[in-house]
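S.K.: Now for the letters of each chain:
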Amino acid sequence: MTSTEPDPGQVAVVAFAQSRHARATEGLSEVEMLLPVLRDVLGQTGLSTGQIDFTCSGSSDYLAGRPFSFTMALDGVGAWPPIAESHVETDGAWALYEAWVKLLTGEAETALVYSYGKSSVGDLPEVLTRQLDPYCLAPLWPDSVSLAALQARALLDAEATSERELAGIAARSRAAAADNPHAQVRGTSPDAATLLADAYVTQPLRRHDLPPVSDGAAAVVLATGRTARRLTSRPAWIRGMDHRIEAHSPGARDLTRSPSTRLAAEHAGLFDPGAPPVDVAELHAPFTAQEVVLRDALRLGEGTAVNPSGGPLTANPVMAAGLIRIGEAAARIARGEARRAVAHATSGPCLQQNLVAVLESDGPAEDGSAAGGSAEDGLVKDGSVEDGQGGEGV
Amino acid sequence: MSNSEVPSGRGRGKEPVAVVGVGQTKHVAARRDVSLAGLVREAARRALEDAELTWGDVDAVVIGKAPDFFEGVMMPELYLADALGAVGKPMLRVHTAGSVGGSTALVAANLVAARVHRTVLTLAFEKQSESNAMWGLSLPVPFQQPLLAGAGGFFAPHVRAYMHRTSAPGHIGALVAYKDRRNALKNPYAHLHEEDITLEKVRSSPMLWDPVRYSETCPSSDGACAMVLTDRAGAARTPRPPAWMHGGAMRSEPTLFAGKDAVSPRAGSDCAADVYRQAGITEPRREIDAVEMYVPFSWYEPMWLENLGFAKEGQGWTMTESGATELDGDLPVNPSGGVLSTNPIGASGMLRFAEAALQVRGLAGAHQVEGARRALGHAYGGGSQFFSMWLVAADPPTS
Amino acid sequence: MDDVLTAPMVVEFPFTRSLGPVLSAFLTGLRERTVLGVTAADGRVVVPPTEYDPVTAEEIRDLVEVGQRGTVTTWAWNGAPRRGQPLAHPFAWVLVRLDGADTALLHALDAPEGPDSVTTGMRVRVRWAQERTGAITDIACFEPAPHDTPLRGRPTSHPGTFAEPVTSLVAAARLDYTYSPGRAQTRYLNALAEHRTKGERCPECRKVYVPPRGACPTCGVATGEQVEVGPAGTVTTFCVVNIKAKGLDIEVPYVYGHIALDGAGLALHGRVAGIPYDQVRMGLRVEPVWTEGGRHPDHYRPTGEPDAAYETYKELL
Numbered sequence: 001m002t003s004t005e006p007d008p009g010q011v012a013v014v015a016f017a018q019s020r021h022a023r024a025t026e027g028l029s030e031v032e033m034l035l036p037v038l039r040d041v042l043g044q045t046g047l048s049t050g051q052i053d054f055t056c057s058g059s060s061d062y063l064a065g066r067p068f069s070f071t072m073a074l075d076g077v078g079a080w081p082p083i084a085e086s087h088v089e090t091d092g093a094w095a096l097y098e099a100w101v102k103l104l105t106g107e108a109e110t111a112l113v114y115s116y117g118k119s120s121v122g123d124l125p126e127v128l129t130r131q132l133d134p135y136c137l138a139p140l141w142p143d144s145v146s147l148a149a150l151q152a153r154a155l156l157d158a159e160a161t162s163e164r165e166l167a168g169i170a171a172r173s174r175a176a177a178a179d180n181p182h183a184q185v186r187g188t189s190p191d192a193a194t195l196l197a198d199a200y201v202t203q204p205l206r207r208h209d210l211p212p213v214s215d216g217a218a219a220v221v222l223a224t225g226r227t228a229r230r231l232t233s234r235p236a237w238i239r240g241m242d243h244r245i246e247a248h249s250p251g252a253r254d255l256t257r258s259p260s261t262r263l264a265a266e267h268a269g270l271f272d273p274g275a276p277p278v279d280v281a282e283l284h285a286p287f288t289a290q291e292v293v294l295r296d297a298l299r300l301g302e303g304t305a306v307n308p309s310g311g312p313l314t315a316n317p318v319m320a321a322g323l324i325r326i327g328e329a330a331a332r333i334a335r336g337e338a339r340r341a342v343a344h345a346t347s348g349p350c351l352q353q354n355l356v357a358v359l360e361s362d363g364p365a366e367d368g369s370a371a372g373g374s375a376e377d378g379l380v381k382d383g384s385v386e387d388g389q390g391g392e393g394v
Numbered sequence: 001m002s003n004s005e006v007p008s009g010r011g012r013g014k015e016p017v018a019v020v021g022v023g024q025t026k027h028v029a030a031r032r033d034v035s036l037a038g039l040v041r042e043a044a045r046r047a048l049e050d051a052e053l054t055w056g057d058v059d060a061v062v063i064g065k066a067p068d069f070f071e072g073v074m075m076p077e078l079y080l081a082d083a084l085g086a087v088g089k090p091m092l093r094v095h096t097a098g099s100v101g102g103s104t105a106l107v108a109a110n111l112v113a114a115r116v117h118r119t120v121l122t123l124a125f126e127k128q129s130e131s132n133a134m135w136g137l138s139l140p141v142p143f144q145q146p147l148l149a150g151a152g153g154f155f156a157p158h159v160r161a162y163m164h165r166t167s168a169p170g171h172i173g174a175l176v177a178y179k180d181r182r183n184a185l186k187n188p189y190a191h192l193h194e195e196d197i198t199l200e201k202v203r204s205s206p207m208l209w210d211p212v213r214y215s216e217t218c219p220s221s222d223g224a225c226a227m228v229l230t231d232r233a234g235a236a237r238t239p240r241p242p243a244w245m246h247g248g249a250m251r252s253e254p255t256l257f258a259g260k261d262a263v264s265p266r267a268g269s270d271c272a273a274d275v276y277r278q279a280g281i282t283e284p285r286r287e288i289d290a291v292e293m294y295v296p297f298s299w300y301e302p303m304w305l306e307n308l309g310f311a312k313e314g315q316g317w318t319m320t321e322s323g324a325t326e327l328d329g330d331l332p333v334n335p336s337g338g339v340l341s342t343n344p345i346g347a348s349g350m351l352r353f354a355e356a357a358l359q360v361r362g363l364a365g366a367h368q369v370e371g372a373r374r375a376l377g378h379a380y381g382g383g384s385q386f387f388s389m390w391l392v393a394a395d396p397p398t399s
Numbered sequence: 001m002d003d004v005l006t007a008p009m010v011v012e013f014p015f016t017r018s019l020g021p022v023l024s025a026f027l028t029g030l031r032e033r034t035v036l037g038v039t040a041a042d043g044r045v046v047v048p049p050t051e052y053d054p055v056t057a058e059e060i061r062d063l064v065e066v067g068q069r070g071t072v073t074t075w076a077w078n079g080a081p082r083r084g085q086p087l088a089h090p091f092a093w094v095l096v097r098l099d100g101a102d103t104a105l106l107h108a109l110d111a112p113e114g115p116d117s118v119t120t121g122m123r124v125r126v127r128w129a130q131e132r133t134g135a136i137t138d139i140a141c142f143e144p145a146p147h148d149t150p151l152r153g154r155p156t157s158h159p160g161t162f163a164e165p166v167t168s169l170v171a172a173a174r175l176d177y178t179y180s181p182g183r184a185q186t187r188y189l190n191a192l193a194e195h196r197t198k199g200e201r202c203p204e205c206r207k208v209y210v211p212p213r214g215a216c217p218t219c220g221v222a223t224g225e226q227v228e229v230g231p232a233g234t235v236t237t238f239c240v241v242n243i244k245a246k247g248l249d250i251e252v253p254y255v256y257g258h259i260a261l262d263g264a265g266l267a268l269h270g271r272v273a274g275i276p277y278d279q280v281r282m283g284l285r286v287e288p289v290w291t292e293g294g295r296h297p298d299h300y301r302p303t304g305e306p307d308a309a310y311e312t313y314k315e316l317l
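Chains as they are written, first to last, in my numbering: chain A, 1 to 394; chain B, 1 to 399; chain S, 1 to 317.
Because the hints were derived from the structure by calculation, they are not lab data. Where a beta carbon is used, it is the ideal one built from N, C-alpha and C, also for glycine. Among the clues, some could well be false.
[As the list claims (entries may be wrong)] To spell it out: a stretch of chain A is covered by chain S in this simulated footprint if at least three of its residues, at any positions, have a beta carbon under 8 Å from a beta carbon of chain S; those stretches are:
{"hint": "1", "stretch": "76 to 85"}
{"hint": "2", "stretch": "131 to 145"}
{"hint": "3", "stretch": "152 to 166"}
Could you build all of it, start to finish, from the sequences and the hints given here?
M.R.: Structure below.
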């Protein structure tokens, strides 16, 4: 079924762009950080803002420290004449979900999705305490690293993982990021044994178990059916997408499992009988131990390459990191490196809320180099798109 | 898509969307008797009761509110997930400034229209008493001049520009405030219940931001509003008349830009035109029976009447002056009392949408517009830049 | 670019939180050294209690009193406590299942012997704060309870009523940010410090943005070419402010105006003074007045030129 012509309601990722994520952007305002990413993603499709039917973004006022911070970012879009536009106060993966639903209604054929976050302006672990239950949790100021450490300890106690396995996840992620010019933690990748020699940051977590603090932005263009084909020769079709939430309090949950991820994956069709194997998984696991939980929830086996981009352990621009997972998974498909990929995004303490998207190419995966292009190129452009125009009806 | 709850509906056009449940809290300056969870649950429970559904009947929750700084909780939907019965379900949070209540409803409606879900609970709230609205709106930012004039000062110059442009006489704003506050007396949920309101009292209230008087401004409220949206099958089972969505749209334009018309923003008129096109409306003044529009300062009624195509350019104030927008006029505007009487910011837009639905369901109680068949709900926010609207009707869409 | 302006930005507010019935009982209970939970529909005891069933979302109100000792279900060692956290010296974060409860409560464990003394499954007990106000911090922390054995049996029902119940709390919250206005606004602000107003021109639509924000909002492209505007401009519209704004030392009434500086593509906002407030009008020609040490103009005053015609500024409101 994956090699047949998609029906008109089918939606694909046709372009993806992201910034070079950094500990702190050099004095750029949010819109200054976002603008080149928007130009890049639109440039890949040849579409102008006016040819986009729907725009949706994700960001957080608390991250920026300013109310209505997203209104400034809109300056980068060029919303004139007025555009159909919406915003979610969470990771851009959910903005993509909103846009996907909009496209499924048939009211729009193309959508621009973007998100951004400058974690550097505040003290991120402290800022994130403000998203906890304001009566019984937030007054204790439990930082996000400590909460992740509680989850990691629960997994170690349950013998679901080991500190050595966690170090291995970190080492693998860093090695993978060596090929990703957008990643922040790159270059030499010490092996697990070397990493394990480090002292604890928040026991049982060591430095390598934590994501870097990152500033960054990402953008995706979605399109339906024939329009998607006009815009790229290799659309990454979204075969299913779903997200689920769990109880808020970490003390009310089994932190070693992620039933919401499992449920979302079921609804997204990840486990559909007869579906081809999953070649690539881009998981929004900012902490090493969370990858263990997610692999289990998504039933990923040895045949699936997890976070070949390096994942959030090598660049974690909060509010964009989830959208980047979808973009990275789509880019693998666009480059012919994967036939079927799963992308995951999370929100809230200890994986409270999870989104799963299943992406597929039209045909079988080719050899990694067949489609040409490097990680930097993003998606391959369609030669049939002329004069930078996206075709009629867009 | 392999969502097991619903068969794929692609290629069959959009699923019609029905409003089968509406609930709201009693809106007051400070709801000191409830937690944040208690506030949102009060509205949600009433919406479910109206629809005669239970928490278990809901497939997904879409929630909206204005800036998180108002309550000092970042992404409060995370904490509210259990309170709203969302555990194991999708929960989505929308934030589009003042228009958010409307946008949230539209995002929820799309889930039904796209056949992703059958029954969706949508909710918007603000508990402004947890902090201070002016603080939340204008946190001090280094290097910037402090806001010199407060919230009203931001809008009053545009009112003056409107008056200049249309030669409107100075008393029009007071007529709107007097009407909306009297309408609020018929709405048990409204925040302001000024039993002894008179036109003279409005006209003699203190001039805060000349040309805007105290009585022409909105209050600051705690409150929540919820709706249950469902598909055709859900509507067929519902015990009370549904409201059918015939059109819905969002439009945005930048905050400030060269050539912006803050009096009649193009995003507003484009948004209305899109909704009318979807609903097949060519003469809004004649074909629409009631309007719930977002009027935070009295003068925005005549301004929006023009922007939304109910009056010719420059004639909005004459329409207000003629009494056409009164509860018994030919186009009642804000029969609920509107934002001028109730303003839990994040919920204010959804209240407009919900009140429009109540009108066409015939369930608006004492502020019911006789025989209302089609109603417009309108919300806007930011620097008059974000717009969301829907048109609901008593009859299902034909196409 | 190291010359970009930055400054500390503090976001701080004492939030007032009303509690509702269940949280009121729970937090008043803590004040009275009593820990309450609530029984859910499936019989599980939830601590801290919620107003709603965690599974069905139905309202629940059956409060019970649970033990003040419990078992650690997971922990993490916090070697460098942060502002606001329960203990100032290194401690363990713990999830504790109190005796009689089926969910775990998050808090701090004071473990003076360090991380090696902390294990999952260890027994701990509540250490009450000396001064208790009805807040989660009335539990100062937990402390090890060696050789303790779990209490068996179901918790006892509790009416949840106390004398002088706590109905709200004040949650002070401070976050510290480092704000940067970005490159375009830095250029603008640096020029302002020299009492010059510099906008930036959009390379596509050629409009001049004052202040510049890094992008032309209608074209979605970066602005860069600096253009000095003003100093004089036209009041395009205004209001008269009659209420004193908090923290602003300006006598009312005063005029808050939209001012289109000559050469700018849109109006900026400022105070108009040097003229009686009731004589300010649309079209009035004004110029900026800086005061000693001020970066932004303190106000704009009339230039004495004839008023601008409406046609010349009607697009700049």
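S.K.: Taking the hints in turn, state whether each one holds.
M.R.: Results of checking the hints against the structure:
no., hint, result
1, 76 to 85, "holds (count 5)"
2, 131 to 145, "holds (count 10)"
3, 152 to 166, "holds (count 4)"
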